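Assemble the whole structure, with the sequences as input and the hints as a guide.
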Amino acid sequence: MAEFTNEILIDAPADEVWAVVSAAERQAEWFPGMVSSTVEDGIRTIGTVAGGFLLEKILSVDHEQMRFDYTITGPLQFDHHLGSLHIESEGNASRVSYTQELRPEALTYALRAATGDALSALKDLLESGIYSRGFQAVPGEES
Amino acid sequence: MGRKILFVTTDQQRYDALGCNGGVVARTPVADTLAADGVRYERAHPQNVVCMPSRATMLTGQHIRNHGVWMNGVPLPADAPTVAGLLHDSGYRTGLFGKAHFEPFLDPFLRFPENRMGVSGATQDETGPHRGFERMEFAGHGAAGFVHYVSWLRDNHPEQMAGYFPVLDMTLEVNSEGGGDTGAPQVKHNPVPRGIYHTDWVADRAISWLDGLDSAENWFCWLSFPDPHHPWNPPASELHRVPWRDLNLPAGYPTDPSERERLLDSKPAHWRRWYDGDLVSNYEAPARWVPATLTPEQVLEVNAMVHIQNELVDEALGRVLSAVSDKGWDNDLDVIYTTDHGEFQGDFGLLFKGPYHVDSLMRLPLIWRPAPSTTGQPAVVTTPVGLMDLAPTFCDIAGLEVPDWMDGIPLPRSEIDASNHGRAGVITEWDSLHPNGTEVHLQSIVADQMLCTRYEAGTCHDGTEGELYDLAEDPLQRVNLWDDPAAGPRKVELLEALEDTIPDRPTHPLPAEAAV
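Respectively, the protein sequence lines represent chains A and B.
When you line the first sequence up against this note's numbering, it's residues 9 to 151, in that order.
When you line the second sequence up against this note's numbering, it's residues 22 to 537, in that order.
Don't read these hints as lab results, they were simulated from the structure.
Treat the numbers as computed from the prediction; the structure is a model and nothing was measured.
Among the hints, a few may not be true.
Incomplete in silico selection of chain B near chain A, CB under 7 Å [stated by the list, open to error]: (1) F130; (2) T192; (3) A536.
Derived CB-CB ranges, DEER-like [stated by the list, open to error]: (4) A:H88 to B:D110: 45 to 55 Å; (5) B:N177 to A:T46: 46 to 56 Å; (6) B:P179 to A:P40: 35 to 45 Å; (7) A:E72 to B:P532: 26 to 36 Å; (8) B:T314 to A:S105: 37 to 47 Å.
Which residues of chain B face chain A? A few of them, derived with a C-beta cut under 10 Å, are [what the hints assert, rightly or not]: (9) V95; (10) P129; (11) N136; (12) R137; (13) D190; (14) L193; (15) D286; (16) K288; (17) V311; (18) P456; (19) G458; (20) G509; (21) V513; (22) L516; (23) A518; (24) H529.
We treat Cβ as the ideally placed atom computed from N, Cα and C, and that holds for glycine.
Okay, structure coming up:
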């Protein structure tokens, strides 16, 4: 089994980061190469830019620990896969840890590289203020 | 009339695949004629025995440690200098048709331009020519992957896609399943019509591009056939060419299992461990396939498939050369034919490739048919040359100064020319780090009919192991002289030459971004 962890420090409060990460249907907003993410009955369906898809079973969303666990269930047939996102406060910033375990290991390096890109995009999203503005704009639109 | 350069590569083709190199099964009259009219190299070695590092060397003219692509899955840096870029900047029209693989194939989120181009159908990347090529149309090893051929097949002949053997399984490991008549791994009877098999598609795309060029233009065309790399699934209509039951087992296949095991045991431990299914050291062979299960019948069927694929490549090359000739360009056409690395094809009871530095994987076909308008006589060169010499040769043909960043030197046109090069030997190196933690490092030098390989400490080796073969006396590399006291002085000389020749490792190695 292979295991890797990507980490990034984001200059944003942990609850703001967690609000994005824990919204399973929003992953395509910050994961390059994903074009859609929908959730139904605990299964997230990811559409990829290559025209393919991934099925992911959401295992747990722990708001207290700020930890999101899922496993890829198809169409790739892993013997074992576990993806875990974890947010920790570091002062006014947040450390995001994204760990994946997989067996067989063929996709290890590709997932590690893509996950690194995703955390960078998440940082850009949260630090650029695009998300905050969007979040704040929603009530205004509703009103 | 301008200079025209046709660079022809196959993938995973052995030296003995061609008739001009002593092959007695596949009929390769086109390559054989190029050799008869040009220079045939009897000892051409890659700088690495898998695709991405070797192709990066072809494109840059650099040692592995200088371009940085140290194993499959490591992308060539986007800003790497290339011979195609040099030629393009000098006014050459530049195109690549077939397999590129300068960037990883296993790219589900399309992080790399090659894969984005393959999916979108674009023939340049988002900024213009990619790596110096003004037009690129890609093909891979079948009906999967982010290449133009697959998009074309899906759009035009979707019913044929399932006929190809899936080179990867549903876990994205190299598929260990087998088929054909013998159940050999990666073999399948493919009903695809010959005219739409990727070999002919590659030739068609190149011909189409050449048709649009003006006679006065200089051009550099990389005609890059994906075959005879596995999967071994040529069009079923062509199987009659080489009935596997009529073949003889290859000389490199020891028929007696105890003899096979004795030969493997005389080499560093990873040879036997892989054979026994005790080790997965690299991605390039099916992880779930155990070489010890390979039967003589499977060796024969794999070889038959490869011979058929080699014949189809030769005929497709003939069509491209005819198209060039029809335009009246042949007199100014340089043709260079080679491959990126070899294939075991049954040698030592093995298939595929990996950290094994023997002729099966390292001795490559290489032919240069200089433009008939230039001076020169047909020749055979026995002095070792490397694939890093190709890019400098293209510069030389184009009248460009070979840049300092290239490590190679223009190919010799004769044995006398070769003797003036003064090179100590040709280097091949291997580094791998499998996600399962297995780490292997070896480096080889070939010089003066000797092949010497040293091992560094990794997870399979303690760094004291080695291999030394007398290529003249032992053409199948069955007698490892590494611990033979009589060979000691020669071993020391070769190791010193290796140390003097090989560049330092980069301080910060590039990260692997995929398995392949």
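Would you list, in rising numerical order, the hints stated earlier that this structure does not obey? 5, 6, 15, 16, 17, 20, 21, 22, 23 and 24
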